[in-house]
Each structure stands twice: as structure tokens, then as C-alpha cells.
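**Q** Residues per chain, in single letters:
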Amino acid sequence: MSTTTLLLLLVLVGVLTYLYRYAMIGLFASRSLPAWLHALCRHIAPASFAALTASGLFVAGGEVVFAFDTPRPWAALAAVLVAWRTRNVLATIGAGMAALYLLKLLFPT
Amino acid sequence: MVQIPTSAGGEFLAGCRDEAPLLLGVAPFGMIYGIAALAAGVPAWVAQLASAIVFAGAAQLVIVQMLAAGAGFIPIALTSGLLNLRHVLYSASMAEYVRHLPRRWRLLLAYVLTDEAYAVAVLRYQQRHAAAADHAEHTDSGTPAADATADLRHWYFLGAGFTLWAGWQLSTAAGLLFGATIPPEWELDFAVPLTFIALLTLLLRERAGQAAALVAGLGALAFAALPYKLGLVAAIVLGLAAGAWAVRRLGPVR
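Protein chains in written order, with my numbering: chain A, 1 to 109; chain S, 1001 to 1254.
No wet-lab data here; the hints were simulated from the structure.
Among the clues, some could well be false.
[Unchecked claim] To give an idea of the interface, some chain S residues facing chain A are shown, with a C-beta separation under 10 angstroms as derived from the structure:
hint: 1; residue: His1087
hint: 2; residue: Tyr1097
hint: 3; residue: Leu1113
hint: 4; residue: Ala1216
hint: 5; residue: Leu1238
hint: 6; residue: Val1247
Just so you know, even glycine gets a beta-carbon here, dropped at the ideal spot from N, CA and C.
Please construct the entire structure, taking both the sequences and the accompanying hints into account.
**A** Written out as C-alpha cells, the structure is:
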């Protein structure tokens, strides 16, 4: 993507995000949020993060690749376990990176 | 709790002070974003500008990860456009507190209405609402509009929002400076999917959300072959449908 296209994309996302933020205190200040939109909003973050995680770990070049002979899926598994046990964001990131480095050290390619 | 300031400047500074501890949690994300943006080939000045234009951490991380994966304009716009829709919720929830303000104030406050500023500001509004309600028992000016002249809480909101904004810009800059010196073998871009794993775990409290996440995750694999990463958008939409179905099937939660 060229820098100009990227800037256009960022401005578009920025304007859209600003309109979301201004929507109920400005544009539609006299109305309340429809119930269906409220319900939809609650599921957007879990759905997005799950799709991005799955895609980031197991999709490469438009194909599904379960690369269990590389460190990343295992490091991600360690992060999932720590996330589940601690519910701490920084501990999760730290554990995942530590596991990645440890695996790279133990099994150099 | 804390003493209640009575001047605009005092409210602003109180907002800054109460937001400051949250920067400890925000700064690592700003740095991870800056490092990952460089790794994805984004020029440093564009990455910094994005923090001012978009000013939404999760969406910026998503944009960077999708750029790194070679996604096109439309899938990235749709995914981040969908992800940021949750800000409508914060907007709706702040509406009753800022509705009476002049338009220029609402235009300004909308820019700093992020997850973390919202979390701090809404507490302040609720706290003083209780105090105002006590007061209203023996005076007649109980409505928020009636005491609007003395109400300076929007300065508090602005202080909290400004602090977060400054922290986000500085941590982005730190990530960009730091990231330029780190060799790619350190694989710090891996911190982005790790961040998504951590946030996802925190969000999976109720059954409908779990259904949405499961279906979206499987969908991302099922639609992997779609061009320009459009499979991600399809997966998220399918996940939202699954969430809506689960709510109808299991009944509303909470």
C-alpha cells in the first residue's frame, strides 16, 4: 500500500471513529441508543480479536498453515495459559515473548 | 474520596491527576504499536500521525497487523470501522452528562472520548451526581440543567482526555524511536497477537461473547483464501451473527 493510500485510510478510519464518538453526544443527542446496536457493540471486540488471533497464528499467504514445528503457536499457547490463569495483560505479553525466546534458544533453526 | 475542586483549572488538573495512573497500562500498547508499525513498513511520521488522527489503540494495532499481512484498503477500513463501533456505547453513556454543553465543547470532548478517559470521567460524573442529589433534597435545583452554571466537570473530562492523549502520543514516539534500533530477530511484532490474546481472555465472560469469538476464530481460518484479507471481515460478521443468535437462544445475560 502506498503512503498516500495509507494516509487516506487513516483519515477515513479517524473520521469514522470521531463520528462514532460524537454520535450520541452531538448528532443524535436527543435520542437513546437502539437495543440491537447496544447488543451488537458488546460482541464486536471478542469477535474481532478472535478472528485476528486465529488469522495471525494460522494463516500465511492466504492458506491455513498449522506450523507446529515453529515456536510461535507454542508461545501463543503459553500466553493463553497465562492469560487464563492471571487475567493480566502485561503478564500475558511477557510470558508469550519469553516463551518465544526460550523456544528459539532451545530449538535453533 | 478526594476534595472537589471549584475552579475550571482545578477540575482540569484533577482530571489529569486521576488519569495519570492509567498511563502505566496504556504506554506499553503505544510502544508495541510504534514498534509493530515500523516492522510493518509504515513510515515513522505516518505512524505518529495515526496516533493523533485515529487515537484508538486497538484499531491502530489491527491496522498495523493487517498491513503486515498484506491486507487491502477495504478490509482494513471495514475491520477497524467495525471494531471502533463500540465508541458509540461510550458516547451514549456520556450523553446525559454533556448534552447541555455548547456545541464547541461537545465537539472537543468527542475527540478525547476513549475507553480509558471514559472510565475515569464517568466515575467523576456519578460521584458528583450523588452529591448534587443530596443537595437537591432541600433545594429545588435538582436537574442537571439547573446547576449547569456551577458545573465545571467537563474540565475534568478534558483533563483526563488530554492526559491520555499526551501519553498515547509520547508512548507512540518512544516505540518508534526504540523500534528503529531493534533487530527484526527479536520478533517484537509478535507482541501484537499476544495483546489480542490477552484482551480476548478478559472479554470472554459470557456465553454469547464466547460463541461470537469461537465462530469468528474458525471463520478466519475457513475464509483464509479470500483475497485482500476480506476473510477477516466475513469472519467477524459471522461471529456477530453467532453472538446475536446465542443471545436469542440463551436469553439476555446480566
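**Q** Hint by hint, note whether the structure agrees.
**A** So, going through the hints one by one against the coordinates:
1. Given the 10 angstroms rule on beta carbons, the hint for S/His1087 holds: about 4 angstroms separates it from the nearest Cβ of chain A.
2. Nearest Cβ of chain A to the Cβ of S/Tyr1097: about 9 angstroms, under the 10 angstroms cut. The hint holds.
3. With a least beta-carbon distance of about 4 angstroms to chain A, the hint placing S/Leu1113 at the interface is held under the 10 angstroms criterion.
4. Contact between S/Ala1216 and chain A, as hinted, is supported at the beta carbon level, the nearest pair being about 4 angstroms apart and thus within 10 angstroms.
5. The interface hint given for S/Leu1238 is met, as the beta carbon of that residue sits about 8 angstroms from the closest beta carbon of chain A, less than 10 angstroms.
6. Because the smallest distance between the Cβ of S/Val1247 and any Cβ of chain A comes to about 6 angstroms, under 10 angstroms, the interface hint for this residue holds.
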